[in-house]
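Colleague: Line by line, the protein sequences give chains A and B. Residue 196 in the numbering used here is what sits at position 196 of the first sequence, and the numbering runs on without skipping anything. Residue 363 in the numbering used here is what sits at position 363 of the second sequence, and the numbering runs on without skipping anything.
Since the hints were made in silico from the structure, they are not lab data. Careful: at least some of the hints might be erroneous.
[To be verified] Here are the simulated SDA-like cross-link-like pairs (lysine to any residue), alpha carbons at most 25 Å apart as the crow flies:
#	chain 1	residue 1	chain 2	residue 2
1	A	Lys366	B	Pro255
2	B	Lys316	A	Lys217
3	A	Lys217	B	His190
4	A	Lys217	B	Asp298
5	A	Lys458	B	Gln305
6	A	Lys371	B	Ser249
7	A	Lys366	B	Tyr339
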Amino acid sequence: MWHRLQAFRSHLWTMMAINRQSWEKPVSITPLITFRIAFGLLMFVSTLRFWWRGWVDAVYVSPSFHFTYWGFEWVQPFGRPGMYLLYSIIACTALMIAVGLLYRLATVLFFICFTYVELIDVTTYLNHYYFISLVAFLMIWLPANRLYAIDVLIKPAKRRLLVPAWTIGIIRFQLGVVYFFAGLAKLNPDWLLDAQPMKTWLPAKSHLPIVGALMYKDWVAYLFSWFGALYDLCIVFFLLNRSTRLSAYAFVLIFHISTAIFFPGIGLFPYVMIVSSLIFFSSSFHERLLSFLPGYKASGHIVTAYTFTYKKWLYRIMLVYVGLQCLVPVRFLLYPDHLFWTEEGYRFSWRVMLMEKAGAAYFTVKDKTGKQFYTVNNAEFLTPLQEKMMSTQPDMILRYAHFLADTYAQRGIAQPRVYGEVYVTLNGAGSRLFIDSSVNLAAERFSWKHYPWILPYKAAN
Amino acid sequence: MGFLAATVITAGVFCSKSGNGDDNGNDNGFDKTAMLTNYADQLIIPAYQSLQEKVNGFQALANSFLDTRSTANQQALLEAYKQLHLQYTRVEAYNLGPAVVASLEVYLNYNGGLDYNFASNGELVGFSIDSTTIENNISSGSYDLSLYVRNSFYAQGFAALNYLFFGPNAIAKFNTNTANRVKYAKDVIHRMKSLVDRINTDWTAYRTEFISNTRTNVGSPIGNMINAMAYELDVLKGPRIGWPFGKQSNGIAFPTKVEAYFAGNSAALAQESMRNLKKVFTANGSGKGLSDYLISLDKAELASQVTAQFDLLISKLDMLPDPLSTTITAQPAKVEEAYKEIQKLLTLIKTDVASATGVQITFMDNDGD
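Work the whole structure out from these sequences, hints included.
Modeller: Structure follows, in structure tokens:
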């Protein structure tokens with residue numbers, strides 16, 4: 001037994017050594033350059049779109065209360081001018097990333113500002129915002145400004161044609177994580193056997209030309225569900241394989257363009273994925289792509305590859321990062337009961353368009369004697385979007401209950417007790433009581449553990 | 001390419017499952033355009049036309065009263081008023097398109113908005129009447145009823161009619177500053193009439209847009225109708241009954257904040273609003289309503305659950321006699337019972353119905369939590 005373990009260990013080390021050679025192998029920088037330009041431009045457009053639609057005001061200025069993340073209660077909006085300043089910085093740094101101007105500063109600022117904004121309110125959590133934060137973090141470390149960038153115009157000595165292979169690999173890994181875990185998440189009975197929530201969502205799309213009439217057909221819902229699951233699970237492998245890459249990318253286009261048509265509410269996510277997936281293409285492809293750009297010149301006699309100064313530390317950071325990326329999406333396994341019901345371990349796990357959930361939440365505040373009795377008017381404190389999101393997510397319910405306790409204490413109620421009567425419907429099953437309405441939520445604490453006040457999920461008859 | 005083939009095959013295998021499933025002939029889909037056409041032609045447009053007739057009738061009687069301010073004329077006017085206000089509750093659920101453009105609800109029957117707290121937000125909340133602004137407008141003789149501010153909303157529409165025609169010493173008050181007071185009353189009615197006229201005209205053009213948009217996103221007719229149903233129930237749960245009853249305020253009642261306080265038909269209005277909302281849900285049993293759409297989505301059980309809850313709620317509301325301002329303190333148990341049923345119906349609409357129809361509530365991006 002011991003010998004076998006020893007043998008396995010030495011085998012592992014050999015593999016890592018070989019891999020080390022392959023992940024440090026100098027490769028063309030061009031995929032990174034395309035990625036930098038596309039990411040920067042897309043982020044610029046996305047920021048303007050958010051601004052243009054009035055969402056900065058709607059989401060970060062008007063609401064009087066925000067659902068902060070546990071441990072990030074200090075992240076608060078800056079008021080109207082402050083928020084617009086923050087969005088200006090995000091837009092500017094996105095453009096700076098695209099053109100490769102003061103790249104390191106731009107990526108750091110973009111990452112900090114974007115992540116700060118996203119941490120203000122759980123209500124606005126979207127997987128692709130999380131993805132953007134992660135990619136921005138990675139880009140801080142990557143030498144994506146060493147070609148076709150203003151930085152190398154200013155300092156031509158910084159110009160490089162080759163970079164260590166892992167700098168491209170890490171972005172491919174990140175995309176792989178997004179797709180693969182999104183695919184794994186779809187392997188559940190509701191999705192595969194009942195075609196839920198597709199069966200619920202598609203009939204609402206009957207206005208679409210040509211395919212509209214098909215939207216009521218069950219087999220279409222199954223087709224969407226199964227194709228979606230298979231696509232997410234397999235696409236990365238087909239993209240990695242050179243012989244299938246081109247047709248796989250055609251699928252990327254088909255899949256994401258149809259998601260954009262069928263579910264416009266998903267926003268820019270399809271475009272983020274379409275553009276990001278280009279990273280899988282070969283350097284010669286990127287070489288050709290970039291050659292269409294004005295002033296692009298990759299010739300020259302620089303043979304020295306880019307090398308990292310603090311390699312050891314960077315590798316450690318990246319290893320921890322990779323480990324976390326693999327573990328965070330499966331943390332839900334540590335919780336009891338049905339994930340979709342409790343949503344414990346749901347966020348940051350690439351669960352996109354996975355369930356249809358709606359709730360209605362009614363709160364009452366009582367004083368310590370239980371004699372005084374106030375019905376809370378949610379609209380007094382929350383925007384419709386905040387109320388909708390809170391009604392189905394336990395940690396938001398708890399956050400809100402604590403806020404209500406504080407608010408009613410200020411209104412002169414001694415030691416307020418907060419009770420929630422919350423009804424939730426999941427994937428078309430009839431709405432039912434979601435949390436124990438006899439529990440004083442004001443006395444319940446935030447925790448990594450399962451919240452016992454969430455009522456157990458009962459499968460539909 | 002292999003996995004596309006695999007997908008098609010597996011999908012093919014699974015679609016055969018639907019054959020023995022519980023789908024009630026939804027293979028041919030559901031004609032949403034026919035549903036919307038039915039709503040426009042059989043419910044919405046006739047309701048607005050009837051509102052227009054009632055406004056005209058009321059205006060004529062009001063003119064007679066303003067000429068000869070007798071108790072008999074006042075009584076006749078009160079009857080017309082009640083009919084007019086009841087008819088308004090029958091269009092309230094169609095707060096979309098032209099009605100939104102004209103801000104019909106805030107100018108005719110302002111409920112104070114749903115984001116107010118009765119216990120801590122002062123005087124002008126819910127269905128208040130701003131007699132101070134009304135009297136100031138009369139004495140100064142200069143006012144702009146199209147101002148988009150709370151005081152303006154509370155000084156016109158049904159609130160103003162209540163106060164001017166049926167308030168305390170209504171007839172006697174016309175004896176001082178008569179010309180100004182008569183003019184104000186006429187102006188208020190004229191403004192109501194012009195808003196209603198405008199909506200009737202606008203619907204002629206809007207009808208095409210309404211019946212051709214079969215989407216369910218925010219601002220779409222179907223989306224608007226379902227959101228309006230939830231809104232009507234929120235209004236009933238809040239400003240119409242719950243808040244004057246003292247739900248927000250530890251049982252401290254606000255009798256003067258009931259709808260149409262001086263005309264005294266608040267309970268009738270609440271009852272009619274739900275009778276009408278049930279009609280909206282079932283499209284008056286025409287077979288082309290939202291309830292039928294639910295049935296086509298395999299949600300027959302939900303459709304009948306909602307209809308049954310409507311019936312239960314209406315029966316509980318019918319137990320509340322007018323004037324509601326006394327009932328909320330005299331018979332709290334009955335109000336409490338009705339309140340519970342309101343909440344049950346609201347839950348069904350906000351969760352199950354909204355979910356089943358894929359209706360969205362905001363424009364924000366979301367990835368399907």
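Colleague: Hint by hint, note whether the structure agrees.
Modeller: Status of each hint after checking the structure:
For the hint pairing Lys366 of chain A with Pro255 of chain B, the CA-to-CA distance comes to about 23 Å; that is within 25 Å, so the pair holds. A C-alpha spacing of about 40 Å is found between Lys316 of chain B and Lys217 of chain A, which places the hinted pair above 25 Å, so the restraint is violated. At most 25 Å may separate the alpha-carbon atoms for a hinted pair to count; Lys217 of chain A and His190 of chain B exceed this at roughly 52 Å. This hinted pair checks out: Lys217 of chain A and Asp298 of chain B have alpha carbons roughly 12 Å apart, not beyond 25 Å.
This hinted pair checks out: Lys458 of chain A and Gln305 of chain B have alpha carbons roughly 20 Å apart, not beyond 25 Å. At most 25 Å may separate the alpha-carbon atoms for a hinted pair to count; Lys371 of chain A and Ser249 of chain B meet this at roughly 12 Å. Restraint check for Lys366 of chain A and Tyr339 of chain B: satisfied, since their Cα atoms lie roughly 19 Å apart, inside the 25 Å limit.
Hints 2, 3, counting from the list given before, are not met by this structure.
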